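Engineer: Below, each chain spelled out in residue letters.
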Amino acid sequence: MEERIVKPKNQRVKRFLDNRAPKLIENTKKAIFIRGGNTSDVISQALVDFYLLKKPDAVLFRKKNILRPFEDEASIEFFSDRNDTSLFMFGSHNKKRPHNLVIGRLFDHHVLDMVELGINSFKAIHDFTTSKCVLGSKPCFVFSGDAFETEQDYIRLKNLFIDFFRGPDVTKIRLAGLDHVMSISAVDGKIYLRTYQIQLKKSGSRTPRVELEEMGPSLDLVMRRTKLASPEFYKQACRQPKATKPKTVKNVSYNTFGAKLGRVHMKRQNLSKLGTFKAKGLKRTHNEKENSRTVKKSKVEVE
Amino acid sequence: VVIYKSTCKAADMEAMDIALDVDALLAENKSKHKSTEVKKDVELQFDLGNLLATDLNIIDTAAFRGEKEGYLKTLMRDNVQLLINQIWQLPTVKTEDVVLAELPKGTTVLPREKPIPKPKAPTKWEQFAKTKGIKKMKKSRMVFDETTQTYKPRYGYKRVGDLKDEWIVEVPKNGDPYQDYFKKKEEQKSDLVSKNEYQRLRNIAKERKTKSLRVPPPPSGTKDLNKHQLTQALGLAKAATASVGKFTPSLPSEPVPKRSGKKRKAESMIADVGEEKARNLGILKKMNKKKEVLDITKAVNTHMADEQKSVHFSRVDSDGKVVGSKKRKAGGGKKTGGKK
Numbered sequence: 070m071e072e073r074i075v076k077p078k079n080q081r082v083k084r085f086l087d088n089r090a091p092k093l094i095e096n097t098k099k100a101i102f103i104r105g106g107n108t109s110d111v112i113s114q115a116l117v118d119f120y121l122l123k124k125p126d127a128v129l130f131r132k133k134n135i136l137r138p139f140e141d142e143a144s145i146e147f148f149s150d151r152n153d154t155s156l157f158m159f160g161s162h163n164k165k166r167p168h169n170l171v172i173g174r175l176f177d178h179h180v181l182d183m184v185e186l187g188i189n190s191f192k193a194i195h196d197f198t199t200s201k202c203v204l205g206s207k208p209c210f211v212f213s214g215d216a217f218e219t220e221q222d223y224i225r226l227k228n229l230f231i232d233f234f235r236g237p238d239v240t241k242i243r244l245a246g247l248d249h250v251m252s253i254s255a256v257d258g259k260i261y262l263r264t265y266q267i268q269l270k271k272s273g274s275r276t277p278r279v280e281l282e283e284m285g286p287s288l289d290l291v292m293r294r295t296k297l298a299s300p301e302f303y304k305q306a307c308r309q310p311k312a313t314k315p316k317t318v319k320n321v322s323y324n325t326f327g328a329k330l331g332r333v334h335m336k337r338q339n340l341s342k343l344g345t346f347k348a349k350g351l352k353r354t355h356n357e358k359e360n361s362r363t364v365k366k367s368k369v370e371v372e
Numbered sequence: 042v043v044i045y046k047s048t049c050k051a052a053d054m055e056a057m058d059i060a061l062d063v064d065a066l067l068a069e070n071k072s073k074h075k076s077t078e079v080k081k082d083v084e085l086q087f088d089l090g091n092l093l094a095t096d097l098n099i100i101d102t103a104a105f106r107g108e109k110e111g112y113l114k115t116l117m118r119d120n121v122q123l124l125i126n127q128i129w130q131l132p133t134v135k136t137e138d139v140v141l142a143e144l145p146k147g148t149t150v151l152p153r154e155k156p157i158p159k160p161k162a163p164t165k166w167e168q169f170a171k172t173k174g175i176k177k178m179k180k181s182r183m184v185f186d187e188t189t190q191t192y193k194p195r196y197g198y199k200r201v202g203d204l205k206d207e208w209i210v211e212v213p214k215n216g217d218p219y220q221d222y223f224k225k226k227e228e229q230k231s232d233l234v235s236k237n238e239y240q241r242l243r244n245i246a247k248e249r250k251t252k253s254l255r256v257p258p259p260p261s262g263t264k265d266l267n268k269h270q271l272t273q274a275l276g277l278a279k280a281a282t283a284s285v286g287k288f289t290p291s292l293p294s295e296p297v298p299k300r301s302g303k304k305r306k307a308e309s310m311i312a313d314v315g316e317e318k319a320r321n322l323g324i325l326k327k328m329n330k331k332k333e334v335l336d337i338t339k340a341v342n343t344h345m346a347d348e349q350k351s352v353h354f355s356r357v358d359s360d361g362k363v364v365g366s367k368k369r370k371a372g373g374g375k376k377t378g379g380k381k
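Line by line, the protein sequences give chains A and B.
Just so you know, my numbering puts 163 at position 94 of the first sequence, and the rest follows in order with no gaps.
Just so you know, my numbering puts 350 at position 309 of the second sequence, and the rest follows in order with no gaps.
Rather than coming from a laboratory, the hints here were simulated on the basis of the structure.
It should be emphasised that the depicted structure is a prediction, and the values quoted were computed from it without experimental measurement.
There are no misleading hints in this set.
Distance windows between CB atoms, simulated:
no.	chain 1	residue 1	chain 2	residue 2	range
1	A	K92	B	D347	31 to 39 Å
2	A	A143	B	W208	56 to 64 Å
3	A	N320	B	P160	26 to 34 Å
4	B	I99	A	P91	42 to 50 Å
5	A	D150	B	E137	39 to 47 Å
Under the rule of at most 30 Å between Cα atoms (straight-line distance), these lysine-lysine pairs were calculated in the DSS-like manner:
no.	chain 1	residue 1	chain 2	residue 2
6	B	K279	B	K247
7	B	K250	A	K76
8	B	K176	A	K92
9	A	K304	B	K161
10	A	K314	B	K135
Think of the CB as a built atom: it goes at the ideal place given N, C-alpha and C, for glycine as much as any other residue.
Using the sequences plus the hints, can you model the full thing?
Structural biologist: Listed below in structure tokens is the structure:
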């Protein structure tokens with residue numbers, strides 16, 4: 070942690086600043102939803118719907134902000150810095166780019182990726198009459214279409230979507246809590262985003278039968294402009310700290326029975342000169358030593 | 042369904058019937074509920090840590106155009122079924138009537154929000170403590186105050202050694218009876234605070250490798266600095282101008298500084314072509330030469346000199362006499378003594 074020149078006056082401020090500082094294990098990414106200078110009903114509603122999906126890690130700006138993300142990134146970086154967010158969604162509407170949605174993310178409060186999508190058709194959450202999902206639940210993701218494996222833009226878009234809507238990183242999940250799925254399909258050069266509520270029905274086996282009910286925002290999107298990060302910048306952003314990587318224990322292995330086996334590395338030993346423990350019973354007594362000495366003496370004398 | 046085998050023959054026949062019934066029951070059960078099996082041409086790719094399933098099968102565009110929503114719904118249902126099948130195979134933990142599945146770590150590489158934090162470099166004291174083997178002692182929050190016979194906090198509101206609680210100060214034997222000793226104590230305290238602040242900033246500057254404040258604050262309660270402090274402060278103040286002290290009027294008996302500030306002369310627009318060519322070639326020559334640019338001996342000597350200069354605290358008495366100057370010599374083993 071870099072030392073601050075101006076020390077915080079109380080613990081509350083210190084805790085607030087420490088929360089925003091770079092950490093080994095990071096906080097859940099927050100998103101800002103910004104309206105442009107001119108917005109249509111479709112765009113406004115789309116922003117509100119995505120905000121509801123992203124809650125509580127989201128901030129919705131009520132006022133209109135005249136921004137051009139693709140020309141000037143400074144405003145977005147400023148908002149990100151102030152609100153401590155690393156994801157953003159900007160919606161605008163004009164004749165040249167009708168129903169325009171810009172989704173992007175930042176690294177260290179600098180824009181990493183930005184993708185501009187145009188909304189061809191939109192159906193809001195309140196247009197569907199089914200029951201909704203629980204606030205703050207983690208969505209499942211399904212990506213269909215081979216474009217998500219072949220085209221660079223689509224690969225990055227997939228990564229961006231997962232990053233955006235993933236929510237907190239958890240190790241355990243309640244099986245009954247898997248209640249909604251975001252499905253993105255790439256067909257015919259267009260992207261179809263649908264949100265369904267998962268209903269788990271009884272089946273013959275332990276795993277339940279899945280039935281889907283369309284619930285959330287339904288969008289038909291077309292990819293317009295993209296501003297993706299350079300490979301070096303992206304690589305730097307993806308770097309993970311060493312401390313979080315699992316430490317590999319060397320020279321320890323497990324055989325098929327689960328027994329722990331170790332490996333010991335020895336120095337070279339001269340077996341002929343190796344000193345071994347002598348059995349105490351075989352040790353020569355004082356008398357024996359004396360006798361051998363006298364025997365030696367007599368031998369010498371003879372010679 | 043457990044079938045008990047009885048000893049008598051009649052019961053055996055009944056057992057056979059029961060066995061057949063079980064098969065029928067199973068078949069009936071299967072037809073009642075819909076299956077959880079899905080067949081796909083290409084297997085889906087799963088990242089269960091992120092609850093992700095990727096379907097790389099080619100979408101039937103003709104069928105898709107026919108009935109968009111229906112096609113998507115059935116496709117998604119199949120894919121989600123496969124994903125749920127995978128998730129249900131994970132090991133589960135049961136806590137307080139809630140069944141939790143243990144998710145593996147996500148395989149999708151997602152970029153971080155902020156850069157990896159850099160480990161804090163040890164401060165001057167921390168380095169010294171490490172070499173000496175000095176360990177931090179845990180201090181208690183409350184300390185027993187002898188005067189009031191109560192426990193008071195070590196620091197903060199209503200602390201033990203608060204100066205405003207001090208109502209009596211003994212005048213020392215040779216001390217000036219007309220001096221304000223209470224004020225003196227306060228000044229000593231503020232000295233320590235400013236010294237601590239200076240050291241903290243110096244540690245930060247060292248960590249960030251920027252130039253720190255060269256002159257430590259003079260101890261308060263003393264109007265005179267010693268000669269060394271004065272010349273240092275004067276030099277720094279003079280050079281703190283845009284023209285690096287060139288036009289600052291100097292005092293009548295001010296000594297001329299060794300290094301006078303020199304502003305770089307701007308080159309003329311019309312330069313001598315030959316001179317320019319020679320200069321550029323010289324730069325290239327410097328770049329190409331194999332000899333080491335860093336003069337190690339010079340660098341080491343400069344470093345040692347800096348260390349000698351950096352920590353020099355001298356306490357000046359009220360009379361202006363230097364009392365107990367602390368000149369700390371760093372890296373005693375390394376020094377050969379004096380500059381070469």
